[in-house]
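Quick note, the sequences are listed as chains A and B, same order. For the first sequence, this note's numbering assigns the number 1 to the initial residue and increments by one for each residue that follows. For the second sequence, this note's numbering assigns the number 1 to the initial residue and increments by one for each residue that follows.
Incorrect hints may appear among the rest.
[To be verified] Where chain A lies over chain B, by a calculated footprint (3+ residues, C-beta under 8 Å):
(1) 104-117
(2) 173-182
(3) 256-263
[Unchecked claim] Quick partial rundown of chain A residues pointing at chain B, CB under 10 Å, derived from the structure:
(4) 53
(5) 77
(6) 84
(7) 85
(8) 88
(9) 131
(10) 133
(11) 147
Hint data in this document are derived by calculation from the structure and do not stem from the laboratory. A virtual CB, placed ideally from N, CA and C, is assigned to each residue, including glycine.
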Amino acid sequence: MLEVTGLQKIYRDREREVEAVRDLTFQLTEGELACLVGPSGCGKTTLLKCIAGLMEPTSGTVELAGRSVTGPPPDMAVVFQEYGRSLFPWLTVQGNIELPLKEKKLPKKRRGELVAESLEAVGLSGSARAYPWQLSGGMQQRVAIARAIAYEPRVLLMDEPFAAVDAQTRADLEDLIRDLWNRFDMTVLFVTHDIDEAVYLGQRVLVLSSSPTVVQDDVSINLPSVRDQLTTRSDARFTELRTRIYSEIQNAKHTSAAAK
Amino acid sequence: MTAYTTRSAGFARKAVGRIAAWFLLPLLLVLLWWASSLSSGNYYMTPPNEIATTFGEVWTAEAVSTDVLPSVARLLSGFAIAAVLGTVLGMALGLSPRLRALTEPVLEFFRAIPPPVLVPLLMLLIGVNTSMKLAVIISGCVWPILLNTIEGVRAVDPVLTDTCRCYGIRGRRWLTTLVLRSASPQIMAGLRQGLSIAIILMVISEMFASNSGLGYAIQEFQRSFAIPEMWTGIVLLGLLGVVLSVLFGLVERRVLAWYHGMRAAHRAG
Chain A
1 MLEVTGLQKI YRDREREVEA VRDLTFQLTE GELACLVGPS GCGKTTLLKC IAGLMEPTSG
61 TVELAGRSVT GPPPDMAVVF QEYGRSLFPW LTVQGNIELP LKEKKLPKKR RGELVAESLE
121 AVGLSGSARA YPWQLSGGMQ QRVAIARAIA YEPRVLLMDE PFAAVDAQTR ADLEDLIRDL
181 WNRFDMTVLF VTHDIDEAVY LGQRVLVLSS SPTVVQDDVS INLPSVRDQL TTRSDARFTE
241 LRTRIYSEIQ NAKHTSAAAK
Chain B
1 MTAYTTRSAG FARKAVGRIA AWFLLPLLLV LLWWASSLSS GNYYMTPPNE IATTFGEVWT
61 AEAVSTDVLP SVARLLSGFA IAAVLGTVLG MALGLSPRLR ALTEPVLEFF RAIPPPVLVP
121 LLMLLIGVNT SMKLAVIISG CVWPILLNTI EGVRAVDPVL TDTCRCYGIR GRRWLTTLVL
181 RSASPQIMAG LRQGLSIAII LMVISEMFAS NSGLGYAIQE FQRSFAIPEM WTGIVLLGLL
241 GVVLSVLFGL VERRVLAWYH GMRAAHRAG
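Bound-form chain B, shown alone (with noise of 0.2 Å):
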C-alpha cells in the first residue's frame, strides 16, 4: 500500500515536472519580451499583457468563424491533398526505378523554385479564390512528401519483399502491408515538414488580393498600424502550429508505435 502510495506520488510528480520543463522556456520568453517592451517602450513592440487583452477582443467568435476556421479548413484540406498526392505518386516512384529517372530532373526542377514565387502566376492562372489557395498550400508541402516517400519505399528490406513472395503475398495487399507500412517511418517525416510548410503557405496564399483569412487580417493590421492587433494575430498564428504539431505527434505516436517499440527494444538489446 505503502509502495503504491509513493509511486504514484513519484508518477505525479514527475508529471508536474514534465509539464513545468514544458511551459518554462515560454514562460521566460514572455517575461524577456515583456521586461524589454517596457524598458524600450518602442511603439511596435507592445507588452505582453496588452497582447492578452487586445488578444479577447480582436479573436471574437465571429473574427474565428471569418477569418480563422476558414484559414485552418483550407490548410488540412490542401495539407490532406499533398498527403495524399505525395504518398500515392512517391510509391509509384519509389516502386518503378524507370519512372523515377524519367521524372527525377522535372521534380528537382520543381522542388527547386520557392512556391511563394507562384502565388501571382496562380492568381493568373486560376484566379483568386479558395482553389488557388490550395493550391499554393500543395505545391509547396508536397515535396517533402513525395521525396521522403519515395526514399521510404526504396528502404523496404529485400527480405520482407523475399518472405512476401514466397507466401505468394501481392496486389493490395503488398501495396498496404508492406511497402507502405515499411515507408511509414519516412512518409510520417515527410508529413511533419509538410505540415510546417504548409502552416507558411497557408499565411502567404491569403496576403495577395485576398479580403479574409489570418494571414489576410495580420497584414490589414500591420497596414493600419493597429500594432497590438497584429502581435495577436501572431502569436494566433504561433499557437495554431503548436496545437497541430500536438495533435500530429499523437497521431504519430499511433501509427508508428511499432517503429519506436522496435527502436527501444534494439536500444535496450
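Next up, chain A with everything else stripped away, as it sits in the complex (with noise of 0.2 Å):
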C-alpha cells in the first residue's frame, strides 16, 4: 500500500549541510494502523512531509498504492500539529470540512452528508456552524480530523496531532482514532514521540533512531484490537512493549551520542 524506500533527506544552505533522514525503508499493508515513534528531532516531521508529498527527498522514493509520491496524493489526507493553522478560521467548521470536497467537485448533496457523517463520527455534530476558534483546542484538533475523514482518504497521514492537547483531551481523541480506524476503511501511520501513545494505538509500531534517521525497529503490538485506557494501559504486555521501545529510544541517542 504505502512503500518507503531508502528516503534520503539533506537539508542544504551557503554554509553546511544537515542529514535529516538517513536511509528509511518500511511498508504498510493496506488497512494498517501503524505509528511511527521517535525522539524529538529525528526527523518525523521531514519524513512525514516526504511521504505526503510536501517536500522532495533527497533521494529514495515513497510508493502509493504502486505509484510514485511526487506530489501531494489525492487519497491521502494529513492531520497537522497545528490545529490551530491548519483550520481556516475565516471559515466555518462546516465549511473547513466542505471545501476539499468542493475542489474535489462533489454535488452538495453529498457533500452535505459527508460533513454530517465525518461531525457525527467525532462527535461534534452541533458545531457545523461554529468558527474554529470559537472550539476549545481539543475541539479544533476533532474538526480538522472530520476534515480528513470526510475527504475519503485511503491514507491518513497525522503529524503529532494531540502534541498540544492537554492529557485528558488526548486520551479521548486516541480512542477517537482507534475507533475512526475501525468505522472506516483506511490505512493510518500515526506520528509521535509518545511512546506509551504509540503503543496504545498502534498495530505496529516503528521506532526510528536519531538523527540522521534510520528505521532502528519494527515491533508488532500484540495487544487485544479493542483498547481501553484503563485495561490496556495496566495489562502486563502493554508494559512490557513500552519498556522495550523506551530502551531502543534511549540505546538510540547514546549510539547518536557516541557516534558525534
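Mind assembling these two chains? They're in different frames, but the hints should get you there.
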C-alpha cells in the first residue's frame, strides 16, 4: 500500500548540510494502523512531509498503491500538529470540512452528507456553524480530523496531532482515532514522540533512531484489538512493549551521541 | 421580568453613554471655537453659529449636485480603481519573489513622489478632465493598498499553505479562499489608509485649473474672501471624511468579523 524505500533528506544551505533522514525503508499494508515513534528532532516531520508529497526527498522513493509520490496524492489526507493554524479561521467548521470536497467537485448533497457524517463521527454534530476559534483546542483538532475523514482518503497521515492538547483530551482523541480507523476503511500512519501513545494506538510501531534517522526497530503490537485507556494501559504486555521501545530509543540516543 | 428590564435599561444607558462620549469632544471643540472667535473678533474666524446658517445657504440641493456629488463620485471611483489595482498587483507581487525583486526599486521611486507634484504633469499629459482627477487620486492612494497587500500575501501561514496542497486546493479557489482571505486584515488596513489619502487628493485634484467640485468651491470662496462660505466647505469636507470612515468601518466589521472574533478569543484564552 505505502512503500518507503531508501528515503534520504539532506537540508542544504550555503554554510552547511544537515542530514535529517539517512536511510528509511518500510512498508505499510492496506488498512494498517502504524505508529512512527522516535526521539524529538529525529526528522519525523521531515519524513511525514516527504510521504505526503509536500517535500521532495534527496534520494529514495515513496510509493502509494504502486504509484510514485511526487506531489500530494489525491487519496491521502494529513492532520497537522498545529490544529489552530491548519483550519481556516474565516470559514466555519462546515466550510472547513467542505472546502476540499468542493475542490473534488462533489455535488452539494453528497458534501452535506459527508460533513454531517464526519462531524458525527468525531462527536461535533452541533458545531457545524461555529468558527474554529470559538472551539477549544481538542475540538479544533477534532474538526481537522473530521475534515480528513470527509475527504475519504485511503491513507491518513497524522503528524503528532495530539502534542498540543491536555492529557484528558488526548486520551479521548486516541480512542477516537482507534474508533475511526475501525469504522472507516483506511490506512493510518500516526507520528508521535510519545511511546505510550504509539503502543496504545498502533498495530505496529516503527521505532526511529536519532537524526540522521533510520528505522531502528519494527515492533508488532500484540494487544487485543479492542483497547481501553484503563485496562490496556495496565496490561502486562503493554508495559513490556513500552519498556522495550523506551530502552531502544534511549539506546539510539546514546549511540548517536557516541558517534558524534 | 425585573432582571430583564434592568438589563435592557442597562443597555440603553450604555448606548446613551456611548453616543454622549462620541459627541463630547466635538461639542467642546465647537464651544472653544465659538469662545475664541467671539473674543478675538478676527474676520477670518467665523463663529460657529454663522457657519451653521451660511451652511444651509451655500450647500443647496443644486450646489450639492454640481459640486459635491461629482467630487464624491470621483473620489469613490478613484478609490475603487486603486483598490482593485492595488490588491491585484499586490497579490501578484506578494506571491512572486522574482517579480518583487524586479519591481522593488521602481516601486520605491514612485512611492516617494508626493502625488500633488504630479498634478501639473498629469494635466499636460491627460488634460484637465475627469481622467486626470482620477489619475491623481489613484496615483496617491494605490500605494498603501499595494504595499499592505504584498505584506499580507507574504504572511500567509505555511501550515495553511500545506493544508491546501494536501487537499488539492489550487487555482481560483486557492487564490480567493487562502491568499485573499489570509491577507484581508492587511488589505483592509491599506484600504483605510488609501481612503483618507483619496479624500485629500480629491480636493487637490480640483484646486488646479478646475471649474467645479468641492475643492474648487473652497478655493473660490478663499479667493473672493467669502470666509464663512469657505468654512462651510471645510466643515463639509470634514463631515464627508467622518461619513466615509463610518461606512468603511461597517464594511470592515463584516469582512473581518472572523479576524476580530479570533483575536478576542486569543485574548480571552
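To see whether the hints hold, each was checked on the structure:
1. 104-117: violated (count 0)
2. 173-182: holds (count 4)
3. 256-263: Answer holds; 4 residues pass the 8 Å Cβ test.
4. 53: 8 Å, holds
5. 77: For residue 77 of chain A, the interface hint holds, since the closest Cβ of chain B sits about 7 Å away, which is under 10 Å.
6. 84: Holds, about 9 Å.
7. 85: Because about 4 Å separates residue 85 of chain A from the closest Cβ in chain B, which is inside the 10 Å limit, the hint holds.
8. 88: With Cβ-Cβ at 7 Å, under 10 Å, it holds.
9. 131: 6 Å, holds
10. 133: 4 Å, holds
11. 147: Because about 8 Å separates residue 147 of chain A from the closest Cβ in chain B, which is inside the 10 Å limit, the hint holds.
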